[in-house]
Amino acid sequence: MATTITPPIPDEIDRLFRRKRLMSLGLPALVFAYLVVVVFALGIPEALDRAKWKNASILMSDAISYKTILERQNRGGAVAVSIENEKSGTYGENNWPSWIQKDGDIIDVSLQENITVSINEDIVTLDVPEYGVIRTEISRRGLKTDYPDDADLPLWVNASKTRFTAVLPGGRLTITKSKTSVFRYAAGWELFFFTMDSPYYGKSNGEIIGMMFGVGEAADGQSHFLAIVNDVWNNKIWHHNKVAWAIGETVLMAFLGTVLSAIIALPLAFLAAINFSPAKTVRFGVRRLFDFLRGVDHLVWTIILSRAFGPGPMTGALAMLITDIGSFGKMFSEALENVDNKQIDGVESTGAKGIEKYRFGVIPQVMPVFLSQVLYYLESNTRSATVIGAIVGAGIGLLLTQAIITQKNWEEVTYYLVLIVLMVMVMDYVSGKIRGWLIHGSD
Amino acid sequence: MTSNSNIVLTGYIAEVTRRRLYNGISLALFVVILASGFAVAEDRNAGGFLAGLTSLGDFPAIVLKESWTKIDEFPAHFITYFPALMETLNIAAVSTLIGAIIGVFLSFAATRGLAHYPAAIPYIRRLMDVMRAIPDVVIALILIFVFAGGVIPAIIAISFHTAGALGKLFSEVNENADLKPLDGLASTGATWTQKMMFGVVPQVLPNFVSYALLRLEINIRASAILGFVGAGGIGYELRNTMTWGQGKYDNAMAIFILLFGTIILVDQLSSMLRNRLTGKQ
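Listed in order, the protein sequences are those of chains H and U. Numbering that gives the first Met the number 0 puts the first residue of the first sequence at 0, with every later residue one more than the last. Numbering that gives the first Met the number 0 puts the first residue of the second sequence at 0, with every later residue one more than the last.
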């Protein structure tokens with residue numbers, strides 16, 4: 000029974016093992032070598048040197064916190080307290096937050112860790128318990144600052160004759176000849192629902208819900224419910240109405256692009272399907288047209304169409320429409336080539352002709368496939384509509400690029416991102432549900 | 000008998016009429032929604048549809064005309080823009096690699112039977128949904144604030160999106176993997192990493208590579224678009240020549256040809272490779 004192993008087999012096994020070992024070690028090594036080469040070819044070390052890490056921390060903290068600003072005009076002496084310098088986020092003269100105390104001309108601001116700033120007209124004293132008192136006097140000639148000891152300045156202070164800055168825990172003090180300002184940071188997105196000019200500002204959630212569904216009227220005789228909805232909808236800082244419009248515009252672009260392209264692609268697909276096409280040349284021509292529409296990128300169509308139609312949502316929808324005619328045309332014609340001829344024969348035997356034959360013999364067979372592809376594209380086009388919107392200037396993509404370009408409204412950028420993610424997830428869910436319903440029958 | 004069939008017939012006709020009525024109403028409703036939606040979009044657009052339609056060919060005509068008169072400069076342009084093209088391709092390749100590596104780990108963590116912490120599966124899946132939902136252009140635009148342009152925002156943005164997208168596809172592949180080799184390995188005392196390495200990876204690798212190649216095709220396009228918004232590569236050159244306008248349209252055309260020629264070439268190569276990997280000749 001025992002078969003003698005002929006010599007070539009161990010050799011071959013050895014060879015295979017060697018090859019395998021080489022592959023399993025060599026391939027990762029090759030990938031690693033490529034990464035190392037590319038890091039230098041793309042100039043990544045230099046790019047990392049150029050990076051402004053301070054901007055990263057500004058971005059992060061601004062995305063999830065807001066600052067309240069107390070600002071004194073040193074010429075004239077006017078004092079204003081506001082949130083993020085917003086007009087509709089300015090506190091009334093008598094409604095300053097409790098951490099600002101006004102006593103005659105002296106304004107006392109308390110920050111975290113028992114740090115206080117006291118502004119007495121042109122004399123600003125900063126009291127840091129662990130360090131001491133820094134006193135700055137503002138005059139027409141410049142700033143004069145006294146420190147508790149004449150040793151080195153602490154790292155958190157940056158001072159010159161024209162500008163004094165102290166970066167404090169949870170806040171910041173800046174003094175120039177024209178302005179004295181104190182920032183105090185707090186977590187969250189302030190004024191998200193009500194701006195300060197709304198009568199509902201500062202009320203607790205329970206109170207608001209109670210007022211919405213309780214009795215009583217707002218000042219102008221409107222019901223509380225409408226007044227509350229109106230104040231939130233027309234919020235002057237977060238612009239919820241504009242944002243809702245933008246999301247709607249983005250979905251509209253995706254909807255128009257997808258549905259119109261499907262409608263246009265359907266008759267063309269018949270011309271491109273081998274079993275329905277009137278002539279070989281027609282089929283060849285239509286198929287090359289599909290390839291062309293699909294192959295030229297979104298980006299190119301967007302550029303060409305922007306020149307003709309100008310910026311806006313219609314341009315975005317048309318850019319999607321053109322590419323999708325190509326994709327749908329190809330997929331539809333493939334589905335049409337797979338139809339069962341028996342059904343068509345059956346319909347034909349009842350005397351159906353021309354359009355009736357297609358309507359009752361072909362369409363019912365391919366409709367579920369078509370619709371599920373259309374729904375899938377609707378969902379993926381919602382994703383692309385954000386990006387196309389950024390290029391053609393429409394929808395949430397436009398708002399997002401505008402907010403990013405200001406380089407300071409990072410909380411708005413975060414808000415829009417959350418909305419985009421929700422929008423895509425909702426579209427994903429809805430289209431998945433409808434697709435499941437189409438495939439598994441209506442129940 | 001006849002009266003019976005009459006009842007059936009009238010019932011059938013009533014049913015058909017009702018159905019036609021409903022179909023007609025929903026079709027009309029659909030057309031109204033579509034038409035009014037289009038009207039809204041046109042209303043909010045800078046230029047109208049019909050006016051734009053007549054001038055659709057103007058811009059391509061200008062570009063083609065200028066390119067034709069300077070056709071002899073094209074070889075020089077190709078050489079000029081070749082490094083930028085390589086940059087775009089490298090961004091795409093590196094991002095696909097990084098994204099695929101992260102995606103492999105995410106996919107194992109998100110597959111029942113393979114995950115180290117099964118309780119975390121739903122969270123990992125939601126995380127991948129979010130990673131896929133955020134457009135790469137948006138991440139790149141935000142990162143430009145920190146990195147001041149260049150290739151890093153593009154690499155991070157595309158890798159992030161790719162990790163989410165490939166993680167999902169990979170985990171679908173994992174779900175079809177045979178779990179018996181895992182039991183065998185477990186009986187020899189293999190750790191989780193060893194079980195994945197020797198039990199799962201050999202089964203799923205061809206599909207993983209095939210999906211990664213498909214993603215590479217998508218990422219080359221994404222990398223070109225990211226350049227267009229300011230993150231380096233040939234897209235950046237394209238935007239510069241486009242905004243320059245008349246006088247540099249030949250450069251723009253050369254970049255078009257270079258970029259889309261490459262895209263088609265890579266698409267063909269990768270689809271050949273993918274067919275071989277998944278056993279479809």
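Treat the hints as calculated values from the structure; they're not laboratory data. Note that CB positions come from ideal geometry on N, CA and C, so glycine has one too. There could be a bad hint or two in this list.
Claimed, not checked - Some chain U residues judged to face chain H by a derived CB distance under 8 Å, without partners named: (1) V15; (2) R17; (3) Y21; (4) V39; (5) G46; (6) L49; (7) D57; (8) A60; (9) E86; (10) D128; (11) I141; (12) V145; (13) F146; (14) F227; (15) G229; (16) W243.
What the hints assert, rightly or not - Which bits of chain H does chain U cover? Going by a derived footprint, with three or more residues having C-beta under 8 Å, they are: (17) 176 to 190; (18) 231 to 243; (19) 276 to 284; (20) 347 to 355.
Run the structure past the numbered hints and jot down the numbers of the failing ones, going up. 1, 2, 3, 6, 8, 15, 16, 17, 18, 19, 20
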